[in-house]
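So the protein lines, in turn, are chains A and B. Mapping to the numbering used here: the first sequence position 18 is 25, numbers consecutive. Mapping to the numbering used here: the second sequence position 67 is 211, numbers consecutive.
Watch out, some of these pointers could steer you wrong.
Below, simulated BS3-like cross-link-like pairs (lysine-lysine); rule was C-alpha separation at most 27 Å, straight line [unchecked claim]:
id: 1; chain 1: A; residue 1: K386; chain 2: B; residue 2: K240
id: 2; chain 1: A; residue 1: K291; chain 2: A; residue 2: K310
id: 3; chain 1: A; residue 1: K268; chain 2: B; residue 2: K285
Treat the hints as calculated values from the structure; they're not laboratory data.
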Amino acid sequence: MSAIKVYIPGDSAAVSVGADDVALEISRLARASNLEIEIIRNGTRGALWLEPLVEVQVGADRIGYGPVQVADIAGLFQTQFLTGGAHPLSIGKVSELPWLAGQDRITFKRVGIVDPLSISDYQALGGWVGLQRALTMSGEQIVAEVTESGLRGRGGAGFPAGIKWKTVLETQDETKYICCNADEGDSGTYADRILIEGDPFTLIEGMAIAAIAVGAQQGFVYIRSEYPAAVAKLSAAILLAREFGVLGKSVLGSTYAFDIKIRVGGGSYVCGEETAMLESIEGKRGVVRSKPPLPAIAGLFGKPTVINNVLTLASVPAVLADGATSYKSRGVGRSLGTQIFQLAGNVKQGGIVETGFGISLGELITSYGGGSLSGKPIKAVQIGGPLGAYFAPKNFDLAMDYESLLTAGGMLGHGGIVIFDTSVDLAVQAKFAMEFCAIESCGKCTPCRLGSTRGAETIQKIIDGEEFEPNKRLLLDLCEVMTDGSLCAMGGLTPMPVMSAMINFPEDFENRAEVMK
Amino acid sequence: MTHSSWSLGAAMAVLEPLRAEPGPVLMALQAIQREFGFVPDEAVALIATTFNVSRADVHGVLTFYHDLRTTPALENEIKICVAEACQAVGSRVLEKALKATYKEEVCDAFCFGNCALGPAVMVNGKLIGRATLAKVAEEIK
């Protein structure tokens, strides 16, 4: 009999709640009972509240148990979990878990299923098909396919990927670059990390397709230093991809050459802004550049550069493999394809939800999220990271797509949704937004550098109950200056959480002096 | 994490492989910090000479990035995430408790990408989800 396959995620999130210890204990007890098992450290399925989620291969199915703690393992062996035995922690067939079965996984198709560093696993689930097709097409055709798919930048700006690529393609230069932005600094977002740790070859394939499309030979992935496991996983995957012949002097035997280098960030949030990221990759201070010139024309080291987020590039293989028509059959309006939503904060069932654009905020929070972790009512949700807007439960019918959120005074950002229960004070959150901007501002432009500090001071006055009306007017005026006068989104969007908190939760700002009495 | 004490030879050996890299200054500072636990003064001049940039350029990069430090590392490095998602599950309370217990070994961080399993704390490079004072204590040297 061959070894029983046991999947225990090696993903940072799973490891943070004990997956390594669980793997050791299962391995120890299996040895003690002379049971032959093969432990595979897969990525996470994204159902993070079930981590560590142990899966056992039984026939064609994978039976899940979670969340497993070391103390549960002896009991699992007693109930024959290696053959799928019943146990209170059993969730049955993982693929039939309603939380997962209801999703439409395109970009995350392989995450949590495969061994992240197994090329044969990758190929068995459609890996390199998009790249092989791209190799039969001209640069113009690839760019046209990506444009046709409707794929927009998943990093937050939502700019059509194909149009950006077209600019780089049409800019004449011997040297061009593909830069992948993996500086996922927004609180409440973690999909880049999970993808890189769980299916790094998808990102490599997406970058290779981009390179062939625009005529680039060198790629860079800029990963934040807070993600050491992602750096390690991607480094290993790059070496394997070179050995396999996807990266190097000849991409899959073609005349195209392409390779990837990793650059690790220095703990600076603003380096997620694309031009600050370029400066940082060049080894300099992460100070934002003025635009124009667009990075697509003069980017990294002054050369034409495609800059895309991890999720954008990781969606490209599916677009090429299944065609633009298939991809754009999902989503609504001008928000086509799937979005990878991330449920975070005070949420019972947090994790990755990939589904077509247009799902309602309420469905994500209630059906997928299952409400708050604390059990208290939900008071606020922040969508799109620290620069995104705060919404109230009265906004739960909001459709989650670029345009609807914009109309509602918010933004989708990188798709993170942070949930807060009734213990949150929105005036304090507004002040934090300003403080965060003050800490992380690159310092180049005045509205951001100084406005953030003055903003935090003014909100403190409101919190302390000092003269509400004049301070409110001052704050609104300051927000307007920051929005219109900042060089990049750091200062330009910091007013969004502040203003939305004031608009949607006026009771947290008004009459503080009365409340404190 | 064990760090070597400063030696010019060791520093030069750390920098040597970076000569072929485009834009090496940040990587050089990171490599020095990995080796010695911080960036000593002597390293600034060495990086400037090695890569033919001014000391001001190196100093500028060194002082921009939160990760880089100019004083020796403490015995424990405890980073608590105080960004929104962890705030929503009580990281501010945990932050106060940690600072009361471990003083200057604790510093604030913004997001480890573990936002569904907060509060997140990183102790000496190890990420702890659903962190508590007791869980942190287990990882302290």
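In rising order, the numbers of the hints this structure does not comply with: Per hint list: single violation, 3.
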